[in-house]
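A.B. asks: First to last, the protein sequences are chains A and B.
Quick note on the numbering used here: the first sequence kicks off at 1 and runs consecutively.
Quick note on the numbering used here: the second sequence kicks off at 320 and runs consecutively.
Rather than coming from a laboratory, the hints here were simulated on the basis of the structure.
It is possible that part of the hints are untrue.
To be verified - Cut-off 35 Å, straight-line C-alpha distance, at most; resulting in silico cross-link-like pairs (DSBU-like, lysine-lysine):
(1) Lys318(A) - Lys38(A)
(2) Lys225(A) - Lys409(B)
(3) Lys223(A) - Lys409(B)
(4) Lys482(B) - Lys693(B)
(5) Lys259(A) - Lys47(A)
(6) Lys318(A) - Lys225(A)
(7) Lys225(A) - Lys506(B)
(8) Lys62(A) - Lys481(B)
(9) Lys304(A) - Lys259(A)
(10) Lys28(A) - Lys62(A)
(11) Lys225(A) - Lys482(B)
(12) Lys482(B) - Lys506(B)
(13) Lys482(B) - Lys223(A)
(14) Lys482(B) - Lys259(A)
(15) Lys409(B) - Lys83(A)
Here is what each chain is made of, one letter per residue.
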Amino acid sequence: MRVALTVAAAIFWGGTAAAQTAFVSNEKDDSISVIDVKAMTVANTVKVGRRPRGITLSPDFKHLYICASDSDAIQVMDTATLKVLHDLPSGEDPEQFVLHPDGVRLYVANEDGNVVTVIDTRTRRVIGQADVGIEPEGMAASPDGRVVVNTSETTNMAHWLDADSLALIDNTPVGARPRHAAFEASGRRLWVTAEIGGTVHVIDAASRAERHVLSFAIPGVPKDKIQPVGLKFSADGRLAFVALGPANHVAVIDVQSLKVVKYILVGRRVWHLELTPDGARLLATNGISGDVSVIDARTLAVVKTIAVGRYPWGVAVKP
Amino acid sequence: MSRLSFLMALVLLLPPSAVRAGEIRIAWLSMPAAVGRAPSVLDGPPPRDLGLAGLRLALADNNAGGRFVGQSFRLAEMEPGAGVAERLAKEGIRFAVADLPAAELLRLADAARDSGLVLINAGAEDDILREAECRANLLHTVPSRAMQADALAQVLVRRNWKKWAMLVGPAPEDQARAAAIRRAARKFGARIVAERPWTYTRDAQRGAEGEVAAVTRDWSYDVLMVADETNEFGDTAPFNTFDPRPVAGTQGLAATAWHPAHDQWGAAQAQSRFRAQAGRAMAEKDFAAWVAGRAVGEAAMRARSVEPSRIAAMLRSPDFALPVYKGRTAGFRSWDGQLRQPMLVGWARNVVTTAPQEGFLHPVTDLDTLGTDKGENACVSR
């Protein structure tokens with residue numbers, strides 16, 4: 001009986017884990033690598049538009065949105081059939097985006113256009129545009145859905161936009177070349193990574209004032225090779241993971257104390273991060289080495305490196 | 320009288336030509352470029368907006384960010400020559416970006432010595448402007464010949480190609496170039512095993528096949544260095560050496576601040592933004608002028624002020640850090656006003672690598688292994 005239960009549990013657990021699928025955009029291969037997370041192997045590689053970068057999943061995980069930057073389009077892929085269903089109008093050179101908590105509105109950073117474009121994913125129409133600084137990049141939506149933040153890489157600011165009216169609420173200067181922005185789950189604070197500044201800026205969301213600047217030091221790594229890009233909070237919100245680019249490490253930060261607790265060695269030029277929906281694994285894309293590091297989110301150790309295409313950029317995982 | 324009405328009265332008293340509130344004007348000064356005596360048939364005449372197009376892009380970039388903080392930037396194209404310092408002062412312009420010959424730059428820097436002008440050199444590579452003839456009001460965004468030679472030397476030495484032969488062209492600037500290459504060889508442990516001036520006076524395009532082979536036949540070396548800024552023979556040197564040897568220096572493998580094939584660290588965005596605006600690829604002088612304009616914009620934003628003296632102080636601050644699409648921030652050296660920045664080392668079609676190269680150490684920053692460092696530098700004016 002106990003054996004049968006264990007077997008049943010194993011099958012059940014194995015079943016859910018086996019269904020976990022990671023999508024990785026390969027910027028220089030114009031393709032998406034589809035990874036079987038349990039087997040930790042590439043199950044499929046799908047050709048998409050030119051220079052795919054930011055990718056994200058719909059709340060029901062049925063659709064994968066892909067920024068095909070050089071095709072000036074956002075493609076919508078069916079995650080079951082892996083077929084591209086249609087393109088969304090995107091504005092020029094879409095690089096990153098964030099899906100609003102309403103699951104409908106997609107806020108896109110148009111890197112060459114110096115604007116943020118809002119797309120209604122149901123009607124497939126552009127419903128608004130907001131002027132921001134030069135080279136818009138990072139995008140974040142507050143958990144309550146009221147505010148959308150964009151970072152501009154050359155203006156070096158975080159721009160706070162009213163999610164509905166698109167009115168500019170405020171601008172917070174941050175370090176050089178801000179790449180990525182993310183709100184804590186509580187919505188209390190916004191974190192922004194600054195690639196060339198080598199810093200992470202923790203900003204109070206209510207006052208939009210900077211509260212803390214994190215910097216990094218890894219023995220044997222020159223300071224200016226530490227270039228923070230991707231950022232992801234752990235499932236319980238206690239840890240923040242920061243991809244440090246050509247430093248080839250992921251920093252693990254205690255969110256409470258704002259102290260670095262560990263540096264995890266990964267592949268070359270680590271770019272973006274994503275957790276599996278169960279929070280157990282952290283996936284990191286390594287651009288130059290062309291692979292994905294699979295990190296155990298509890299032990300903070302790399303368990304496997306999976307070769308993908310050339311210049312893996314974004315990553316998204318469905319259960 | 321309330322303070323407000325007093326201020327309003329003060330505003331009314333200002334002459335109409337005065338600078339608008341929150342506005343920073345940046346002047347552009349250049350002279351028509353002299354066309355090289357023996358340019359490649361592939362090169363058309365130099366673009367008329369060389370340099371200027373880079374500054375225009377910088378001002379557009381500055382304005383895109385400046386509007387969020389109430390700062391705006393406006394270009395003022397000025398004719399260089401006598402009286403330009405007075406004209407700048409009269410117009411209240413305190414920042415000027417220039418692509419001018421060294422003598423002309425010095426004349427302007429000296430004439431504007433007491434007017435608070437910050438003059439940014441985006442064209443002259445002369446080492447002497449960073450050394451004996453440096454000026455306190457003169458900054459440089461274009462790399463010096465010493466920086467270029469040092470960057471190239473690091474790449475060659477790291478590859479263990481340390482025995483250099485050198486051909487030196489007939490132009491006066493070729494002598495300066497050769498001096499920088501000799502200095503870089505000493506600095507990084509390379510050796511110049513043979514050297515000759517290029518004296519062939521007939522058309523090199525037709526005669527180089529025999530001439531370069533004849534000149535290099537008896538030499539034993541790893542790399543042929545060419546110091547030929549007017550391209551008298553440099554383009555014809557590759558594949559014409561007696562032994563199979565790579566060519567580097569002013570032609571072949573060269574070190575520059577910018578390269579049309581550079582696309583790392585966000586440079587792809589800068590290249591496409593420039594191309595959309597200017598209708599051509601971004602050249603090194605365009606980049607130098609872009610950096611100059613962006614430096615003023617970034618300093619104004621960081622200083623949160625349009626007050627010229629505050630912007631000037633921020634530009635010279637040791638903490639001033641400007642991203643320049645090369646993976647590391649740039650800033651001005653306190654001892655000679657030169658912008659410290661990574662260099663791109665490549666040939667016509669590709670960026671091969673960047674400098675500083677790994678392993679060339681420095682107590683403060685390895686970016687200062689390129690060019691004359693504090694202590695060895697002869698600049699005494701500041």
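A.B. asks: So, for every hint listed, does it hold in this structure?
C.D. replies: Status of the hints after comparison with the structure:
1. Lys318(A) - Lys38(A): 12 Å, holds
2. Lys225(A) - Lys409(B): 46 Å, violated
3. Lys223(A) - Lys409(B): Between lysine 223(A) and lysine 409(B) the Cα gap is close to 45 Å, so the pair fails against 35 Å, i.e. violated.
4. Lys482(B) - Lys693(B): Distance ~28 Å between lysine 482(B) and lysine 693(B) Cα, so the pair holds.
5. Lys259(A) - Lys47(A): Answer violated: lysine 259(A) to lysine 47(A) is near 41 Å, above 35 Å.
6. Lys318(A) - Lys225(A): 32 Å, holds
7. Lys225(A) - Lys506(B): 25 Å, holds
8. Lys62(A) - Lys481(B): It is violated: about 60 Å lies between the C-alpha atoms, which goes past 35 Å.
9. Lys304(A) - Lys259(A): Judged against 35 Å, a Cα distance of about 27 Å means the pair holds.
10. Lys28(A) - Lys62(A): 25 Å, holds
11. Lys225(A) - Lys482(B): With a Cα-Cα distance of about 31 Å, the restraint between lysine 225(A) and lysine 482(B) holds, given a limit of 35 Å.
12. Lys482(B) - Lys506(B): 14 Å, holds
13. Lys482(B) - Lys223(A): 33 Å, holds
14. Lys482(B) - Lys259(A): 50 Å, violated
15. Lys409(B) - Lys83(A): 66 Å, violated
Hint compliance for this structure: hints 2, 3, 5, 8, 14 and 15 are not met, and every other hint is.
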